[in-house]
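Student: If you want the building blocks of each chain, they are given just below.
Number of protein chains: 2
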Amino acid sequence: MVRIKDVAERAGVSVGTVSKVINNTEGVSRKTKAAVLKVIAELNYHPNLYARNMRAKSSRTIGIFVPLINEPYFLPFYDGINKRLEQIGYTPILFSGITQQSSEGTLDLLSQMMHRNLDGLIVSTYGWDDATIAKLARMAEEIPIVSYKRKFEDSPIHSVGVDDFEGMYRAASHLLQIGHRHIAYMNPAPELETSRQRLGGYRQALADHGVEERSEYIVDCPSYRIMDGYHYAHRALQTRPLPTAIIGGNDTLAIGVMKYLQELQMRIPHDIAVMGYDELPLAQLMSPQLSTMSLPTEAMTALAVDLIVGSERGGEPARHHAFDTKLIVRSSTDMTAKVHLDYP
Amino acid sequence: MVRIKDVAERAGVSVGTVSKVINNTEGVSRKTKAAVLKVIAELNYHPNLYARNMRAKSSRTIGIFVPLINEPYFLPFYDGINKRLEQIGYTPILFSGITQQSSEGTLDLLSQMMHRNLDGLIVSTYGWDDATIAKLARMAEEIPIVSYKRKFEDSPIHSVGVDDFEGMYRAASHLLQIGHRHIAYMNPAPELETSRQRLGGYRQALADHGVEERSEYIVDCPSYRIMDGYHYAHRALQTRPLPTAIIGGNDTLAIGVMKYLQELQMRIPHDIAVMGYDELPLAQLMSPQLSTMSLPTEAMTALAVDLIVGSERGGEPARHHAFDTKLIVRSSTDMTAKVHLDYP
Numbered sequence: 001m002v003r004i005k006d007v008a009e010r011a012g013v014s015v016g017t018v019s020k021v022i023n024n025t026e027g028v029s030r031k032t033k034a035a036v037l038k039v040i041a042e043l044n045y046h047p048n049l050y051a052r053n054m055r056a057k058s059s060r061t062i063g064i065f066v067p068l069i070n071e072p073y074f075l076p077f078y079d080g081i082n083k084r085l086e087q088i089g090y091t092p093i094l095f096s097g098i099t100q101q102s103s104e105g106t107l108d109l110l111s112q113m114m115h116r117n118l119d120g121l122i123v124s125t126y127g128w129d130d131a132t133i134a135k136l137a138r139m140a141e142e143i144p145i146v147s148y149k150r151k152f153e154d155s156p157i158h159s160v161g162v163d164d165f166e167g168m169y170r171a172a173s174h175l176l177q178i179g180h181r182h183i184a185y186m187n188p189a190p191e192l193e194t195s196r197q198r199l200g201g202y203r204q205a206l207a208d209h210g211v212e213e214r215s216e217y218i219v220d221c222p223s224y225r226i227m228d229g230y231h232y233a234h235r236a237l238q239t240r241p242l243p244t245a246i247i248g249g250n251d252t253l254a255i256g257v258m259k260y261l262q263e264l265q266m267r268i269p270h271d272i273a274v275m276g277y278d279e280l281p282l283a284q285l286m287s288p289q290l291s292t293m294s295l296p297t298e299a300m301t302a303l304a305v306d307l308i309v310g311s312e313r314g315g316e317p318a319r320h321h322a323f324d325t326k327l328i329v330r331s332s333t334d335m336t337a338k339v340h341l342d343y344p
Numbered sequence: 001m002v003r004i005k006d007v008a009e010r011a012g013v014s015v016g017t018v019s020k021v022i023n024n025t026e027g028v029s030r031k032t033k034a035a036v037l038k039v040i041a042e043l044n045y046h047p048n049l050y051a052r053n054m055r056a057k058s059s060r061t062i063g064i065f066v067p068l069i070n071e072p073y074f075l076p077f078y079d080g081i082n083k084r085l086e087q088i089g090y091t092p093i094l095f096s097g098i099t100q101q102s103s104e105g106t107l108d109l110l111s112q113m114m115h116r117n118l119d120g121l122i123v124s125t126y127g128w129d130d131a132t133i134a135k136l137a138r139m140a141e142e143i144p145i146v147s148y149k150r151k152f153e154d155s156p157i158h159s160v161g162v163d164d165f166e167g168m169y170r171a172a173s174h175l176l177q178i179g180h181r182h183i184a185y186m187n188p189a190p191e192l193e194t195s196r197q198r199l200g201g202y203r204q205a206l207a208d209h210g211v212e213e214r215s216e217y218i219v220d221c222p223s224y225r226i227m228d229g230y231h232y233a234h235r236a237l238q239t240r241p242l243p244t245a246i247i248g249g250n251d252t253l254a255i256g257v258m259k260y261l262q263e264l265q266m267r268i269p270h271d272i273a274v275m276g277y278d279e280l281p282l283a284q285l286m287s288p289q290l291s292t293m294s295l296p297t298e299a300m301t302a303l304a305v306d307l308i309v310g311s312e313r314g315g316e317p318a319r320h321h322a323f324d325t326k327l328i329v330r331s332s333t334d335m336t337a338k339v340h341l342d343y344p
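These protein sequences, in sequence, are chains A and B.
344 is the number that UniProt numbering gives the last residue of the first sequence; the numbers go up by one with no jumps.
344 is the number that UniProt numbering gives the last residue of the second sequence; the numbers go up by one with no jumps.
A couple of the hints might just be wrong.
Straight-line Cα separation of at most 27 Å, DSS-like style, residue types lysine-lysine; simulated pairs [what the hints assert, rightly or not]:
hint, chain 1, residue 1, chain 2, residue 2
1, A, 83, A, 20
2, B, 83, B, 20
3, A, 83, A, 5
4, A, 83, B, 20
5, A, 38, A, 135
6, A, 135, B, 20
What the hints contain is simulated information worked out from the structure, not anything from laboratory work.
Quantities reported herein were computed from a predicted structural model and do not represent experimental measurements.
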């Protein structure tokens, strides 16, 4: 079993310094703190939670809020946060519990959170109205709050996300580079800023490859759920020439599209290639496996936690942290791609 | 918006009685309480949480504990509990947060729970050791605890589960009835009682159809994870005659088997049929869609909640509630099955 002195030794600091980092008390430089946290992670050190909670002032509890937990993106998100919290001996509390989240219900939950002495909050604000976001911004004056994916200008809310314009630009470029010229795009929840960025990346890629954009190839979907891809895919097939490839603005939409095409006995990628975005573990379970853009979820969620744990209340102004995506080519766009399964 | 008097009217009781049910105070018969809860569910009535929390003695909070949240079974389980809690105006708190749960970590979390004034706890005890279960039993003397799937003899812990012997008996019988005689079985975590029951059902079905059991067709897997199905499937193919069908003791194992067979370019169900058990939403996203036995997760989780909310501390002895499974025939065993997608 790893003990605190093992951590101190490896990090080259005193046991007292490690203890300060664990209890998040002052008097440790940012650099030392980072080094100690790294060693804690490497050694998989678990401070004695119970004894420590008695001493520390902070609740060592972070709230996680997601509007809907039965979304495929939820698990990697929650899992990433948990991994990081476990490393530093914090406990997560999940607020959600609701399959069809109402604005009233969200406000209720936010009020409840403020009574729980949380050290901070990581939220996915998908579907929130302005009043709810205003409430969140007021809360962010009191406890550190990190928004996942969505960014807010001139707000006390931190955010971690990806460069969606660049990500979708590269997704579309992959298809253009292997010869596709008729590429449909399933546009999830067009009112979202992330969706606008992705759509912009798709358009720019077409333009840069000298391919004329056709509005009939852009299919707006009400949300990013699998069933939307399934129900709206037929619209992408109403245009002539038929698209030779379809991009889902999310993996979930792409998976719905695949299921629809397979019902029509269309072969993927021979008849139509399908490309996703925002890699889900699910993508590699599909047949054929789904090409996608991978988000560094683990790094993003770790930073979300670190922004809270490292926050001095009223300290640094909030800002947006953008990560890069990575192209994952699988057999839904390239029939020579090697099959690989590594499900969590 | 539905109000308390609408509930009272429809249930044929006074507003005071509805209020008592909502606040879980005494003086309402079991029958009336059940009737009121039913109307609350039907009308989708949401008591004003905030005002009510001020008045009520109970915390109106139920803890949910799962060893690993990144398991496919987690979402339907959590979702079902949430739906029911939402109907009765309770809040769930999820304890887990940990991807590789240790026994020490579990005991820590259980201690934390007891300090949170929970009304009760719903737990999945997969992988727990005896010491941890003994601790849970001691906790069950103080707050109502419901175990999901696993039952305990002579224990204060309630449980809801399914008749796994009968369920797997019917899964195997489906394959036998469509002509299979060489049926392999992927046996998840053989030490679990649920696994023993399922294996027993498979064996009994063979015996009742006059098919000789072959031990080489039974492949023990360390857990029920997708990757176990994927890594252990080759063992089912080492025997001659080759099996014409493989049953996964869980959908996850069956999905892993499918991915392995597809890497070998084997056609499902033409070369080998694949059957799952314990339906996951994931099963219908597979190509071909996976035949399985469906568990009434919604009814099971609703009962788990009701057992807690309806519990008088120190009242009725705990018992096991067993539900029936349902056969879902899809194209992984029957190529004429109609494709249907209804993802949550």
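Student: Now tell me if each hint is right for this structure.
Tutor: Status of the hints after comparison with the structure:
Taking the CA atoms of residue 83 of chain A and residue 20 of chain A, the gap is about 21 Å. The hint holds against a cut of 27 Å. Taking the CA atoms of residue 83 of chain B and residue 20 of chain B, the gap is about 21 Å. The hint holds against a cut of 27 Å. For the hint linking residue 83 of chain A to residue 5 of chain A, the alpha-carbon distance of about 22 Å falls within 27 Å, and the restraint holds. Taken as a hint, the residue 83 of chain A and residue 20 of chain B pair is broken in the structure, with Cα atoms around 42 Å apart against an allowance of 27 Å.
The straight-line distance between the Cα atoms of residue 38 of chain A and residue 135 of chain A is roughly 35 Å, outside the 27 Å bound, and the hint therefore fails. For the hint linking residue 135 of chain A to residue 20 of chain B, the alpha-carbon distance of about 32 Å lies beyond 27 Å, and the restraint is violated.
The earlier numbered hints that this structure contradicts are 4, 5, 6.
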